[in-house]
Amino acid sequence: MVDEAAALLDDLGALRRKARRDGRGEWLPLLVFGGFVLAAPLAYLHPAPTAYTPVGPTLRVGVTEFTPLMLFQGFHVAPADDTVVGLYWLGVTIAGAVLTFLWYRRRAARIGVALPVRPFMWSVLGALALAVVIVPVVLHLLPGLLAPGPTALRVILLVAAGLALVVAWARPRRPNDVSWERNAIGVFGILLALICVRDITVVALLHGFAALYVIAAGLLGLAWTERNRLCGTVAVLFIGASLTANLYDMENVAERIGGPWSGAGAVAFDNLLLPGAVLVVGGLVALVSTWLANRRLRAEEPTR
Amino acid sequence: MSETEHPTVDLDDVVHQRHRLGILTIAAQVRQVEFGYLRDTLGLTAGNLSRHITVLEDAGLVEVRKGYDGKRPRTWVRINAAGHSALDKEMSALRKLVAGQDSGAAQGD
Chain X
-16 MVDEAAALLD DLGALRRKAR RDGRGEWLPL LVFGGFVLAA PLAYLHPAPT
34 AYTPVGPTLR VGVTEFTPLM LFQGFHVAPA DDTVVGLYWL GVTIAGAVLT
84 FLWYRRRAAR IGVALPVRPF MWSVLGALAL AVVIVPVVLH LLPGLLAPGP
134 TALRVILLVA AGLALVVAWA RPRRPNDVSW ERNAIGVFGI LLALICVRDI
184 TVVALLHGFA ALYVIAAGLL GLAWTERNRL CGTVAVLFIG ASLTANLYDM
234 ENVAERIGGP WSGAGAVAFD NLLLPGAVLV VGGLVALVST WLANRRLRAE
284 EPTR
Chain W
211 MSETEHPTVD LDDVVHQRHR LGILTIAAQV RQVEFGYLRD TLGLTAGNLS
261 RHITVLEDAG LVEVRKGYDG KRPRTWVRIN AAGHSALDKE MSALRKLVAG
311 QDSGAAQGD
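Those protein sequences? They're chains X and W, same order as listed. With my numbering, letter number 218 in the first sequence gets 201, and the count goes up by one each step, no holes. With my numbering, letter number 14 in the second sequence gets 224, and the count goes up by one each step, no holes.
Here chain X stands alone, though its shape is the one from the complex:
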């Protein structure tokens, strides 16, 4: 009986791996988002800014007025009222999310295995809501939040917010497990993060590539959905690349290595090359690894 149990465990392990492998589809979302990021400099092809004024398309909701695209525009790379840049980033994050959702739905219908896409969708939409609605509204209603406070306290709150979000949503217990406790912790993390909105705003507004953080949130959700190491690794590398793009002047690096280009489009390209490349390379590696795994499976089938 024990030998049967051991053999059964082996067989069940193989079924588990097969189901996960058959459900994999991360290569397309990675390539799509990578393509959108690398194409973004085209939206910046205009003269460099001379001054920063956080304007742009303004929405009035009741007595509240806010500029939803302020985090997608910034002042370092684009003119502050560059609606094209803001709408481009808004458009590609939504388009990428919708394409990813449709892709996984089509794969489920074709293959017969449906991965939980909701973590990805909630991550993207939640991060988008934070960037386009919540942060601009909070900044408008509570401008005092922009006042600097003790750095140590702000760092502690930011770390606590990050930990809360990770505990809530980074480690799935089961694909269909929607725990209200986890969601409550996640909401608490978001509220903590809002207290640190000044830091978030500074980090996001410095270069105006906050959309990269929205995409990064989506990738974390995708890594949760896929539950594979490659996806998780790409998500972490992309977060690092997004922070670099938003906080470091990569155009200085390009200038040192002798880049001949100049202008806002070139500056955008210098800063977006790394995050875009992470996604494209990650997507290509995922595509090749999926193809190799399927080929191995087909080669094994006649011997079973």
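Simulated from the structure, these hints should not be mistaken for laboratory data. Any given hint could turn out to be false.
[Stated by the list, open to error] Listed below are several chain X residues computed to face chain W (Cβ distance under 7 Å; list not exhaustive):
(1) Val(-15)
(2) Ala(-12)
(3) Ala(-11)
(4) Leu(-8)
(5) Leu(-2)
(6) Arg(-1)
(7) Arg3
(8) Gly6
(9) Ala92
(10) Leu98
(11) Pro99
(12) Leu213
(13) Gly215
Please read all numbers here as calculations on a predicted model, not as lab measurements. Beta carbons are placed, not taken as given, at the ideal position from N, Cα and C, and that holds for glycine.
Following the hints, complete the assembly by docking chain W onto the known chain X.
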């Protein structure tokens, strides 16, 4: 070892069947799995698979949803919390059984 401590006590008659365990194992990895995929992966006939799914559904371990993909009827199987729990318990019992044999063999060396 007394009878109450033996890992086989934890084996559930509904779950402890090779094909039903296969159904639960696959369903536990994804949001839901289609009937045809289960049939092809487990190498069962449609009738046989249907009987096993019915047993699991009657035991409250899976939910079955019938729909259409265009004009093609599709049946989707989703494991619920009770199914996850039953599967975890069964896997734990199987691992204890194997571990007990391994440690017994080691002591005998």
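* Violated constraints from the hint list, given by number and in increasing order -> As far as the earlier hints go, 12 and 13 are violated by this structure, in ascending order.
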